[in-house]
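Asker: Protein sequence lines, in the order shown, are assigned to chains A and B.
Using my numbering, the first residue of the first sequence is number 1, and each one after it goes up by one.
Using my numbering, the first residue of the second sequence is number 1, and each one after it goes up by one.
Please keep in mind that the hints were generated in silico from the structure rather than gathered at the bench.
Just so we're clear, the structure is a prediction, and the values are computed from it rather than from any experiment.
Beta carbons are placed, not taken as given, at the ideal position from N, Cα and C, and that holds for glycine.
Take the hints with a grain of salt, since some may be wrong.
[As the list claims (entries may be wrong)] In silico contact screen, one side only, chain B against chain A (beta carbon under 10 Å); selected entries:
{"no.": "1", "residue": "Ser20"}
{"no.": "2", "residue": "Val62"}
{"no.": "3", "residue": "Pro112"}
{"no.": "4", "residue": "Thr117"}
{"no.": "5", "residue": "Arg121"}
{"no.": "6", "residue": "Pro159"}
{"no.": "7", "residue": "Ile195"}
{"no.": "8", "residue": "Glu395"}
{"no.": "9", "residue": "Thr399"}
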Amino acid sequence: MNEQALIRAHACEAADWVGELTLLLRRLPGNEPGMRAVRMITARIADRLGQALALERVAAAEPGLRVDAWSALELIEELEHEAVALAGGRLAVQLAATQIVPLTWFFDRELVSLALRNALHAALAHAHAAVALGLELREGYLGFSVSDDRGGFPPELIEETPPNPEVGELNGNALGVHFARLVARRHVAGARHGRLELRNRPDGNGTCFTLWLP
Amino acid sequence: MDLSKKRVLVVDDRPGMLSSLRHALTACGISSAHTVRTAHDAVQRLRNMRYDIVLADFDLGVGPDGQQLLEHCRCEALLAPTAVFVMITAERSYDRVMSAAEFAPDDYLVKPFTEDTLRLRLVRALERRQVLAPVFALGAQQQHDEVVRACDRLTVEAPRHAMELARIKGEALLAAGRYPEALALFDQMLSLRPIPWARLGRARAQEAMGEVEAARIALTELLADAPEYLAAYDALVQLHQRTANDADAKAVLRMALEVSPNAVHRHKIVGEIALRTKDLEVAEAALGTVVRKNRNGFVRSADDHLKLARVLLERNKFAQALETLAETKRSFGEVGAVRACAAAIECQVYSKAGNPRESRKALDEALAAGQGGDRHLPAETALALARACFENKREHEGTALAKQVVSNNHDDAGLLAQVRQMFEQLDRAEQGETLIERCVKDAVAINNEGVGRAKQGDLEGAIELLEEAARTMPDNAHIVMNAAHALIAHMQVHGLQDDKRSRVESYIARIRERQPRHPKYLQVVGLYAALLDSNGQAAA
Chain A
1 MNEQALIRAH ACEAADWVGE LTLLLRRLPG NEPGMRAVRM ITARIADRLG
51 QALALERVAA AEPGLRVDAW SALELIEELE HEAVALAGGR LAVQLAATQI
101 VPLTWFFDRE LVSLALRNAL HAALAHAHAA VALGLELREG YLGFSVSDDR
151 GGFPPELIEE TPPNPEVGEL NGNALGVHFA RLVARRHVAG ARHGRLELRN
201 RPDGNGTCFT LWLP
Chain B
1 MDLSKKRVLV VDDRPGMLSS LRHALTACGI SSAHTVRTAH DAVQRLRNMR
51 YDIVLADFDL GVGPDGQQLL EHCRCEALLA PTAVFVMITA ERSYDRVMSA
101 AEFAPDDYLV KPFTEDTLRL RLVRALERRQ VLAPVFALGA QQQHDEVVRA
151 CDRLTVEAPR HAMELARIKG EALLAAGRYP EALALFDQML SLRPIPWARL
201 GRARAQEAMG EVEAARIALT ELLADAPEYL AAYDALVQLH QRTANDADAK
251 AVLRMALEVS PNAVHRHKIV GEIALRTKDL EVAEAALGTV VRKNRNGFVR
301 SADDHLKLAR VLLERNKFAQ ALETLAETKR SFGEVGAVRA CAAAIECQVY
351 SKAGNPRESR KALDEALAAG QGGDRHLPAE TALALARACF ENKREHEGTA
401 LAKQVVSNNH DDAGLLAQVR QMFEQLDRAE QGETLIERCV KDAVAINNEG
451 VGRAKQGDLE GAIELLEEAA RTMPDNAHIV MNAAHALIAH MQVHGLQDDK
501 RSRVESYIAR IRERQPRHPK YLQVVGLYAA LLDSNGQAAA
């Protein structure tokens, strides 16, 4: 086994344990802030591990996606259920499909789920009172959105600049955003590529993360 | 959907995960969840109880993995058409699960996942199975035109499953030989997106329509874009095999084995190609791997051991051949036919090694072990034994064995040519011709008579004739499966009967062991599963 395969095996083993831990934490009683924080941190670790393993796969081939026809609404519903459980009653979780969306859309379910889950977990960690998930069809793109009522994205995150790990920029939200941009870009239909849109509310009291897929 | 009445079997080799999954299922409202740690235990459970859901981890430690369990369940009709199989995978094993076109699970969960996701995926998989169950049932009965019609109807009634129905319809069109329609359907899908299954289907349609080079290029390009798409490797291997291009088939298999090194069936194909092309070194390595890996598998087969022993014999590795044969006798020695085969090869090993006394002794042992109607000697072994008998002036036994080979394989031109060649080499060409002609004629006549009786509604008469024929030609897949078919047809009219069920199951088990890909076998397994399902029963 080469070193790369060994690294992968270690990460997969860690993912197995985190999987077990995730299920275990759900069945433990308690909804106090400490327990909510443990569950949230576990979810964030799961995000990073999942993204690391997915990035390795995506990096190996171009476009490296497993695109098939999936129900976007079912995916968003899964995230909604998870959000309600993680919020533990602290936040309101809303699901908004702004119009009738197609029954199926072509995308890589795991990658899109990882990108959205990361945005959702960040929103749940920082929102004051509410988090919303949405679907919107616009000009041949399907938008998967996560919005909240926290302060706002910093300008350097909204602007699409190439990541520079050497100066320590790639951490926290930037990691998730970089991953989501990669996932969006790899989704291609003809000449059209997916894109990530990050917006702040004009009043400065809320953010909206939207993954637009062709 | 109410999950409370659903029976679930959970398969995971990690005790902690089993416990967590069980609690998660309880939280989903499921009270009847059984847990096992190995695929072998899962099969035991599935043989004794009907489950609505199987939730299995892909990686099950030593022994068969989740994918092998899934294939076994579907091949052996251990799951009802409405039951779902959901695979839990790590990122590393996803492709091996989802690219197995023929036996893909109903859904998959990549670890880590939450219990909410688990519940939603189970509900959706069950709902989807419920909608698609008629299509799966027709598919299992090989009623491909009916599958196409059902897909068209369901696409209108349940448009959310349109893509899945298109995929199933494409497969059915290919199986029905409606290649231009299949091509048009896959083209339509590809106009939406270059989905791998549609690219694969299109290439298969092209090949079937004679555009072999275009198909080869399409499959090669597909593999360049999706190097872990195992079904595409299999299609390309088959294309090369059909065009008698064994060298390229072997090269593609090697690539597939790099992606999925545990896929024993591919090692087996490598071994078979190598045997055919007399590449004995590769054959020895591949069959050695099959024997080693299958030590803990579902389908531990004496045949693989015997093939390996034959290769070792041909390579003059006498000690290793005898060692393999000794292991064969230790592991499968209770089966008379296996003992007979092993002794027959031993006879050849000793003869080639210049030990006529031990060779004669082994021949005696082979003939003694080979006696009895239930003894299955592979054609190749029976033929080798027949030759040894003629060479040792044992006319009666030699003729009986040659007759057995021809009667059991009356429609296999390649094997009949080998029989003819053996008689020619023994300077008995005329005797061989007469024997072949008579046995083939008899087998065809009995089969036709049995099928004719069944068609005229004389099911009892058909059963009597075909079962008698199945007794005298126990390896003739056509005849044995027609006997099972007649019994099933009888139960469709008169209801289930324990003795008939047990006979059908023994016929199915016999042909499964010898020719699991025979079209008549696949058809009968599907018919039997549908019969049991319509009567609310599980296969024994």
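Asker: If a hint holds in the structure, say so; if it doesn't, say that too.
Answerer: Each hint tested on the structure:
1. Ser20: holds, 4 Å
2. Val62: violated, 17 Å
3. Pro112: Constraint on Pro112 (chain B) satisfied, holds at 3 Å.
4. Thr117: Where the cut-off is 10 Å and the nearest Cβ of chain A is about 5 Å from Thr117 (chain B), the hint holds.
5. Arg121: Since the shortest Cβ distance to chain A is 8 Å, the answer is holds.
6. Pro159: holds, 6 Å
7. Ile195: Status holds, d = 6 Å.
8. Glu395: violated, 59 Å
9. Thr399: violated, 56 Å
Hint violations for this structure: numbers 2, 8, 9, all remaining hints satisfied.
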